[in-house]
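**Q** With the hints as constraints, model all of the structure from the sequences given.
Number of protein chains: 2
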Amino acid sequence: MPSYTAPIRDMQFVLHEMLDISRQEIPGYADLDADFTAAILEEAGKLSSGVLAPLNLTGDHQGCRLENGVVRTPEGFKAAFDQIRDGGWTAIDVAEQYGGQGLPYLMHTAANEPMVSANMALNMYQGLTHGAYSAIHIHGTDEQKARWLPKLGSCEWTGTMNLTEPHCGTDLGLMRTKAVPQEDGTYRISGQKIFISAGEHDMAENIVHLVLAKIPGGPEGIKGVSLFIVPKFLVNEDGSLGARNGVACGNLEEKMGIHSNATCVMNYDDAEGYLLGEAHKGMRAMFTMMNEARLGVGLQGWAQSEVAYQNALAYAKDRLQGRAVTGAKNPEGPADPLIVHPDIRRSLMDQKSFNEAARAFTYWGAMLIDRSHKAGDAEAEAMISLLTPIIKGFLTDKGFEMCVQAQQVFGGHGYIEEWGMSQFVRDARIAMIYEGANGVQALDLVGRKLAAQGGKPMMTLIEEIKVFCKDNAEDADFARDFIEPLKSASKDMQQAAMFFMQNGMKDPNAALAGSSDFMHLMGHVCLGWTWARMAKAARAGLDAGTGDRGFYETKLATGRYYMARQLPATKMHLARIESGAAPVMALEADAF
Amino acid sequence: MPSYTAPIRDMQFVLHEMLDISRQEIPGYADLDADFTAAILEEAGKLSSGVLAPLNLTGDHQGCRLENGVVRTPEGFKAAFDQIRDGGWTAIDVAEQYGGQGLPYLMHTAANEPMVSANMALNMYQGLTHGAYSAIHIHGTDEQKARWLPKLGSCEWTGTMNLTEPHCGTDLGLMRTKAVPQEDGTYRISGQKIFISAGEHDMAENIVHLVLAKIPGGPEGIKGVSLFIVPKFLVNEDGSLGARNGVACGNLEEKMGIHSNATCVMNYDDAEGYLLGEAHKGMRAMFTMMNEARLGVGLQGWAQSEVAYQNALAYAKDRLQGRAVTGAKNPEGPADPLIVHPDIRRSLMDQKSFNEAARAFTYWGAMLIDRSHKAGDAEAEAMISLLTPIIKGFLTDKGFEMCVQAQQVFGGHGYIEEWGMSQFVRDARIAMIYEGANGVQALDLVGRKLAAQGGKPMMTLIEEIKVFCKDNAEDADFARDFIEPLKSASKDMQQAAMFFMQNGMKDPNAALAGSSDFMHLMGHVCLGWTWARMAKAARAGLDAGTGDRGFYETKLATGRYYMARQLPATKMHLARIESGAAPVMALEADAF
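Protein chains in written order, with the working numbering: chain F, 1 to 592; chain X, 1 to 592.
Hints are computed from structural coordinates only; laboratory data are not their basis.
Among the clues, some could well be false.
The list treats identical chains as one, so a pair stands whether inside a single copy or across any two.
To be verified - Here are the computed lysine-lysine pairs in the BS3-like style, where the Cα-Cα straight-line distance is at most 30 Å:
(1) K456 - K46
(2) K374 - K317
(3) K178 - K329
(4) K223 - K178
(5) K329 - K281
(6) K374 - K281
(7) K571 - K470
(8) K178 - K571
(9) K536 - K571
(10) K571 - K491
(11) K536 - K329
The structure displayed is predicted, hence computed values, not measured ones.
**A** Written out as structure tokens, the structure is:
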């Protein structure tokens with residue numbers, strides 16, 4: 001069975017040595033000193049290793065079962081969820097007035113990492129609840145907040161998001177679910193929603209569905225979509241649970257992975273619902289939570305890669321097979337461990353160098369969200385909006401790829417379910433799909449975010465990288481290993497953006513045909529920059545002469561690997577982008 | 001449920017327009033005119049679409065079950081296997097004296113393609129039998145051939161390959177299974193083998209296991225391994241079945257995919273066995289079949305990608321979602337089909353351009369095997385040995401990647417088992433692992449094949465590409481679209497090989513750290529060259545003015561896509577290779 005240990009030292013390094021969080025001028029950050037965050041992360045790590053990880057594989061095997069309209073989660077899940085709830089792990093950034101700890105979103109993100117690595121499917125129950133909490137927190141009336149937030153914050157009640165219908169996913173303008181206004185101000189919701197994660201289960205007293213639906217007579221298409229709160233059980237004035245509402249799980253989907261999260265077909269039949277936010281502005285209400293939701297999914301991608309890597313590493317050190325080409329490393333034994341072989345080493349370094357940069361980049365993204373929400377910083381808001389498709393799209397594409405590489409280290413054993421590596425691959429796969437498929441992320445990046453505010457956020461990013469390169473060019477080794485590759489990759493990114501500007505006006509396809517490549521090109525630049533920032537922090541750690549030299553030297557070597565072996569991808573993506581729309585769009589649909 | 005149609009026109013194009021098989025001076029090829037091969041492929045296609053494909057998804061759901069030592073295959077499998085057997089589909093290249101059709105291996109390969117696309121797990125039962133047939137055909141005594149080959153050729157009895165043990169896969173020198181010689185010339189085999197595909201099942205009267213084991217007192221390690229024939233039921237002098245032998249299935253593995261192929265733990269307990277070939281030369285006996293076996297696995301990679309693509313294409317034409325950025329393409333409908341979107345188009349073109357080149361390259365490889373075996377051509381033998389790691393390693397890596405892309409086209413539906421796209425991904429995954437994990441393929445390529453015969457096969461390949469480029473540079477469009485990218489990519493390949501030569505001598509790690517990248521670099525050169533050859537044939541088709549102009553123009557456009565959008569990968573791989581061993585090997589094992 002796979003195991004998991006939270007990489008506390010790496011997490012702390014990002015928070016305090018790279019991001020220096022306790023000195024950031026963001027409300028709530030001053031309290032986040034190293035001891036405080038270590039205490040939180042260590043507890044989250046213990047819970048994750050001791051309680052959540054051991055349920056991951058058994059949960060995958062058992063899956064969820066639908067019996068007479070009731071969904072049974074796998075053995076041990078309810079008890080584990082109670083422990084998560086009781087430990088306050090669902091409420092880290094929930095406002096204190098609603099019973100939470102009121103910490104920054106960054107701390108929610110960092111504490112969430114181990115729980116996602118240990119048991120992604122279980123973590124989703126609280127993740128979706130967190131999304132519902134945020135939606136009501138931002139868009140709800142005072143009465144709605146008072147009614148729903150305390151229970152959602154604590155996860156006594158869980159939440160869901162209902163967008164997709166059988167005939168529409170990305171294109172929600174085609175939606176058919178109806179919401180008919182009633183005289184008492186409530187609505188009656190009818191329709192079918194699919195792919196509803198945690199739509200029904202046995203771990204909470206009540207489930208609060210957030211449902212997109214159309215009020216008859218409203219505008220056509222996406223502009224006529226509104227958001228509603230539709231509880232499984234109606235809630236009485238005194239907060240006690242009342243009658244069962246007209247909503248039920250019609251079916252459970254059999255999926256490639258995340259078997260222990262219930263993916264439901266939800267049928268709404270004249271269910272009582274309450275408008276959340278303004279009528280016909282449902283999409284806007286969804287969008288305000290989007291950066292957070294997508295950051296959470298991006299984290300799933302690399303958090304699966306992290307746990308897969310940990311197990312691949314352990315296997316590579318343990319499994320004896322063949323001899324090192326440069327001479328036996330374990331001459332007493334019958335063979336050398338796998339890790340002596342250069343191609344195994346390459347694979348482990350691919351994984352390690354990606355995971356560490358992905359973590360740091362995501363944490364920085366979470367800090368930008370705090371800066372935007374808590375400090376009202378519009379530039380931070382613009383930057384995280386630009387980077388969100390990278391965090392969601394690039395990190396989940398790569399995270400999945402790294403899970404596949406980790407699985408490969410196990411040879412045939414990687415293909416056997418018992419070893420758990422298959423599950424990491426199968427679970428990570430969903431992160432590329434939901435919360436906006438990665439092709440949609442690329443479209444969002446190239447079709448919308450690049451040109452936002454006349455391109456200002458993108459120019460800011462380029463400028464920040466340029467300033468960083470200028471300010472850190474002094475040391476020759478550092479310049480050669482980090483600054484030069486970063487400059488070169490950043491130049492590729494600028495050239496690609498320029499290509500879009502010059503060609504996209506007259507033919508939008510010229511830009512969109514390169515959208516996925518651009519997302520990856522920019523992703524490498526972002527992680528390359530992140531590595532340069534981490535390397536700078538590691539050098540500072542070495543210079544300070546305190547702490548663990550080995551840790552900092554390993555950090556630098558891992559960074560050098562990323563720069564030397566991953567950044568060359570930018571030139572390939574640039575060449576593809578510059579080949580333009582013609583090769584992509586040459587065939588008529590019928591000619592395929 | 002997914003569907004499948006054999007792409008007969010594409011297959012025929014490769015056989016007759018690119019490879020011009022009936023004019024090749026290889027024994028048996030003169031009979032292979034277009035009508036003859038079309039008749040075979042159409043029948044194979046019908047069987048595959050009508051009988052095998054409909055069982056693929058149900059087989060995946062049901063899987064195999066072990067009950068009291070008996071393995072039950074999924075519903076319908078036995079009847080389908082009977083149909084395959086009765087139609088002679090297992091014996092296309094089996095020698096006529098053993099009841100086969102005696103056709104070239106190329107025809108076995110081409111006729112096999114649809115069966116693999118339609119139902120890979122079912123096809124494996126005959127694929128492994130084919131391997132056992134070949135081993136006995138090459139290494140058996142006349143008596144062994146007479147006893148085993150007719151039944152294996154027809155698949156009345158099926159075959160297996162027993163290499164792996166719990167503690168050793170790639171490093172078979174660590175093997176523990178023993179073969180104790182008896183006075184009557186037989187051996188008694190004892191030990192445990194794992195990952196034995198088709199080790200036990202209910203579709204054949206007898207199962208003939210080929211088992212690697214050590215004769216006590218023989219040389220240490222890999223040089224003391226011998227190969228044995230160990231039947232499930234002993235065979236009497238008259239060919240009738242006798243007593244049950246001491247071999248039994250101890251367990252079925254739960255796997256990520258190929259659920260309907262039984263992957264068995266096989267326990268040998270004093271089982272009667274017969275030495276095949278020479279004592280202690282078992283590895284050599286296995287190696288003589290290796291090019292064929294690995295070509296078969298390479299085919300699995302892209303044959304899964306082919307069927308996944310067909311279904312992704314159908315979905316992209318059918319599913320209405322969003323509007324084309326250049327204006328509605330389906331203004332009467334509620335939305336445009338997915339295929340109007342450039343990033344969907346890019347994904348489909350990635351898949352299509354890979355599949356078609358992979359097929360042509362594999363068919364060419366099969367022709368080289370025929371040229372080597374049937375015409376005794378040592379150069380062909382050397383060339384296919386060089387290309388085998390590309391066919392096995394590169395085509396399965398890419399084939400899997402393309403299955404993932406095809407799944408992605410379905411959005412959320414791709415993750416639901418009911419749609420079948422998950423199965424293509426899960427089934428394709430194994431091809432990267434078995435028959436030598438792809439890292440081992442890369443090691444074989446860089447550590448052995450590149451330097452074989454003083455590098456002559458590699459130089460021949462480079463020279464052939466060079467001559468092709470010279471001979472086809474006349475037309476300016478063709479030169480720009482095909483020859484120039486091919487020349488550039490080939491130069492990258494030579495530069496990488498040069499790097500290995502210059503650095504690998506003093507530090508073997510410098511070469512091996514780049515082995516996977518070299519396999520991919522060379523894979524792109526090979527498929528780029530294949531596309532150039534297909535494009536030349538397509539232009540000839542256009543010039544002839546007969547046949548379907550649309551087909552040839554589509555072929556050219558697809559080839560242009562590959563050259564413009566895939567070949568730029570060679571520069572990335574070259575840069576990684578030239579970064580050498582240092583970044584890869586920088587960390588001590590303990591520092592990870």
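**Q** Now tell me if each hint is right for this structure.
**A** Evaluated hints:
With identical chains, the CA atoms of K456 and K46 are never at most 30 Å apart, being 43 Å at best within one copy and 58 Å at best between copies. For the homomeric pair K374 and K317, neither the shortest alpha-carbon distance inside one copy (45 Å) nor that between copies (46 Å) is at most 30 Å. In the homo-oligomer, the alpha carbons of K178 and K329 lie at most 30 Å apart only across protomers (28 Å), although the nearest pairing inside one protomer, at 68 Å, exceeds that limit. Taking the shortest alpha-carbon separations for K223 and K178, only the intra-copy value of 14 Å comes in at or below 30 Å, while the best inter-copy value is 74 Å.
In the homo-oligomer, the alpha carbons of K329 and K281 lie at most 30 Å apart only across protomers (28 Å), although the nearest pairing inside one protomer, at 65 Å, exceeds that limit. Taking the shortest alpha-carbon separations for K374 and K281, only the intra-copy value of 24 Å comes in at or below 30 Å, while the best inter-copy value is 72 Å. Both within a single protomer and between protomers do K571 and K470 lie at most 30 Å apart by alpha-carbon distance, with minima of 22 Å and 28 Å respectively. In this homomeric assembly, K178 and K571 never come within 30 Å of each other (Cα to Cα): the closest approach is 49 Å inside a single copy and 54 Å across copies.
Proximity of K536 and K571 under a CA criterion of 30 Å is satisfied in both settings, with 25 Å inside one chain copy and 29 Å between copies. In this assembly of identical chains, K571 and K491 lie within 30 Å of each other by CA distance both inside one copy and across copies; the values are 10 Å within and 17 Å between. Proximity of K536 to K329 under the C-alpha cut-off of 30 Å is found in neither arrangement, the shortest distances being 33 Å within a copy and 52 Å between copies.
Hints 1, 2, 8 and 11 from the list above are not met by this structure, while the remaining hints are.
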